[in-house]
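S.K.: Listed below are the residues making up each chain.
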Amino acid sequence: MSAFNAIGAEREIDRDEFTPGLEPQPTWCPGCGDFGVLKALKQALPEVGKNPDEVLTVTGIGCSGKLNSYLDTYGFHTIHGRSLPVARAAKLANPDLEVIAAGGDGDGYGIGGNHFIHTARENHDMTYIVFNNEVFGLTKGQTSPTSPKGHKSNTQPSGSAKSPLRPLSMSLNAGATYIARTAAVNPNQAKEIIKEAIEHDGFAHIDFLTQCPTWNKDARQYVPYVDVQESDDYDFDVTDRREAAEMMFETEDALHEGTVLTGRYYVDEESPSYQEEKLANGELPETPLAERYFDDDYEWERSYDLLERHT
Amino acid sequence: MSDDELIWRIAGGSGDGIDSTSQNFAKALMRSGLDVFTHRHYPSRIRGGHTYVEIRAAGHEVQSRGDGYNFLLALGDSFARNPQEESVYGNEELKPLSENLDELREGGVIVYDEGLLSEEDVAELDLEERAEENDWHVYPLDLREIAKEHGREVMRNTAGVGVTAALLEMDLEHIEDLMEDAMPEKILEPNLEILHETYEMVRDEYEFTHDLRIPEGEHDEEQALLSGSNAIAYGAIDAGCRFIAGYPMTPWTDVFTILSQNFPDMGGISEQVEDEIAAAALALGASHAGAKAMSGSSGGGFALMSEPLGLAEMTETPVVLVESMRAGPSTGMPTKPEQGDLEFVLYTSQGDSSRVVFAPGDIEEAYEQTRLAFHIAYEYQLPAIVIYDQKLSGENKNVPVSFFDREPEPTLGSTLTEEELAEAAHDASGKFLRFQHDPDNDAGVSPRSLPGQEGGRYLATGNEHTPAGHIEEDPTNRVIQMERRMEKLTHIREELDEEHPSNQTYYGDEEADYGIITWGSSHGAVAEAVERLNEDGHSVKGVTVSDMMPFPEKEMTEFLESVDEAMVVEMNATAQFRGLIQKELGRYGDKMTSLLKYNGNPFEPAEVVEGYEVNVAETDEEPSAQVRIEPAAGD
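Protein chains in written order, with the numbering used here: chain A, 1 to 311; chain B, 1 to 635.
Think of the hints as simulated: they come from the structure by calculation, not from any bench.
Be aware that one or more of the hints could be misleading.
[Unchecked claim] Label pairs and their calculated CB-CB ranges:
id	chain 1	residue 1	chain 2	residue 2	range
1	A	Phe249	B	Asn477	48 to 54 Å
2	B	Arg587	A	Gly159	42 to 48 Å
3	B	Gln272	A	Glu250	36 to 42 Å
4	A	Asp296	B	Glu200	58 to 64 Å
5	A	Pro30	B	Arg478	37 to 43 Å
6	A	Asp232	B	Gln272	22 to 28 Å
[As the list claims (entries may be wrong)] To list a few chain A residues with every Cβ distance to chain B over 12 Å, as calculated:
id	residue
7	Gln43
8	Lys91
9	Glu283
10	Trp300
Just so it is clear, CB atoms sit at the ideal spot from N, CA and C, and this is done for glycine as well.
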């Protein structure tokens, strides 16, 4: 018998299962875009047949970090910027888990930027949702890596002299194999994109635009969005790196010019995930490592077996 | 200083194969029945730069490098010939000979390579004069030429070994066997030729003027020669650890490499990642998901692990980290040992520390305490740290093979099965009460579940939290959770006192009124010094402390109560361990002086003896060696 019976258990999953029955209630501000992510996730997970016990959500610090406090799955609320290394190791130790990491734009593109680049590069099989509201929320409104140039805040009172980071292009260059942008103001698209990301076999990065009604009232994310997949004006091949790159550039410019384009930008189903690569070169065990500790019959190799080379 | 021992020093340039040659020679000595101990000195460079390895071999137990040495094989530095004469590194060819003479004992033997070190160069050293003064026996040979004749210049090493064996009247059998095991056929043949030719040549053509011969010894069981890094890696393997994440940094890289090379064959996972923050965070993630996991680094990398370390404490995630100290601050001296990170490792990260820290004193302890660290980490759900240093990391010593014949311990400790989870307490929303205070478990341990298990959902968070893992700042809850986490240390101390009192090692004259205290890799030199002092008619006892946190208060109080005076020996400038003893016991500041060394080289037994003499005689004299006396509080 498996030690992890919840994984892959076939049963009808009710959406309410992902909602904790009791406290805590979200402490996000009224009108916060983070509610949109929570809602989309709660809808998407049952639709892709996941049950709460097989899902591990790993978050960082900030308003986004509280996601798994309000979502009834296994959760690891880590520290600022460090959700990805924690998440990818959990997936390596038990590849059968459904691992979803989440963080904010400060958390994921700022302090955790290095981990983001390398997790994308390695193409770990997981979903990464970045709550992008272009501002530090929980620390009260400071400029973030995605804040537009000139953004004024209590730490940059004369307006930021820095250009905003381009998360989609950065992700593509780093090596993510599923890249999309969606927005809290578009719940249906958000749910579909999360479903695709979960089902994608590789590193799926979602730049999730979440409006901050308290600290970033000027953000362009409130304007009506255009779904690039549904518009004839933006016809491109999402499996083509170059076309995707071009579209991303256009999108990232447009965001700060007042048009919000969302949708899938890049999908590469061909490249093997990191887990597959590691399995192929013999660096990942066939059965999950985590499972082995429950197997009484497993023959554990001892250091004694290695001593010959020392005698 | 014992006469019946060989301390062989092979010196050359980094990249000249000094390490591999000495490793084989040490093994040959071990196979001939001797106890061996190696010490490695090298610069932070890849090629060139003076490096040496010392092998001490005797028919009795050896636990330190000893004092000085009695056989020098100076090969010259083949990478030192710099085409630009005025370059920074200049001509360092001579260093393997010139740099080593001060520590060569009276009556010692010198073999140098005439092929690389010309007569004029050597003349500058006044070698002849010094040899006469010290009764050194010098054998210049053109090793380079012999190597070139039969193979390639790099085989000078083999020529040197052949000469050594001949001069010591040592049988070639073990050396040949080891060469056959280590070398592919193509290079084996010329190497064997070189070995034999030099051996015969020296035996036939030279008249031996020296007294030094290979010591006699016999082992009653099979021995293995391994390093501290090997011992740590093997301790982890036998503890059931199968996940390691790391970032290369000297000297921790050795442990990382050994496990990375072995894990694929034993179903383990090794990850080299972007930085040390990630490395420790990966170990946490793997452990959270149900693996026995570890990470590690040296000082600078460990600094980055500060965040995940605190997260492990707050989320009660078991993990083992190893920290191999090198001389600091900052990048310091990458290839030199120091015991300067103790305070750093004890208190790194914000908040109150709830971690276990072990400091093994030798290779056997490195194995045992790494195993123990996993046991404690997983039973009590907290981070356990093994702190050691560049010295222990790189030194080799023979250990009976049977020492490692122990059952593996692949248990996840206080982790529930799904059947047990079904019976366990849950809150009204169905969440498992992962952090519930268990009245039946007074050690403060609350068993955990693993993601993927049915009915075990909870939130692990670095924030203060409720029993189900929800973020909570309520004062009552805070106190309960805080006390539960701190309570573990009290119980770990009890378990260690009952089941592992041997972690502290006592030696010397039990009745003595003078005590010497040390920790970590300084153990060997101190133990040997204490033995020597007692042989010389002094009455001294010693203790090497391994448990840094939780601190062995009872044992150390007893020891300090039993002596009038004590000297704490450690490799740092600020007497960190003495400070820890005073802090933990709240007194004895006026009873303890310190003997400190921080020049990048480990203690030699003679320096400890000298420190004792200066302290006890209470002269105003400073010790002559590169050590410093730090007086007792109030003095």
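S.K.: Against this structure, judge whether each hint is valid.
M.R.: Right, here's what the structure says about each hint:
1. Phe249/A - Asn477/B: 48 to 54 Å: At roughly 50 Å between Cβ atoms, Asn477/B and Phe249/A fall inside 48 to 54 Å, so the hint holds.
2. Arg587/B - Gly159/A: 42 to 48 Å: violated, 59 Å
3. Gln272/B - Glu250/A: 36 to 42 Å: The hinted range 36 to 42 Å holds for Gln272/B and Glu250/A, with Cβ atoms some 37 Å apart.
4. Asp296/A - Glu200/B: 58 to 64 Å: holds, 60 Å
5. Pro30/A - Arg478/B: 37 to 43 Å: violated, 29 Å
6. Asp232/A - Gln272/B: 22 to 28 Å: violated, 47 Å
7. Gln43: holds, 19 Å
8. Lys91: violated, 8 Å
9. Glu283: The claim is violated: Glu283/A sits with its nearest Cβ about 5 Å from chain B, within 12 Å.
10. Trp300: The assertion about Trp300/A is violated, with a minimum of 4 Å to chain B.
The structure is inconsistent with the numbered hints 2, 5, 6, 8, 9, 10, although it conforms to all the rest.
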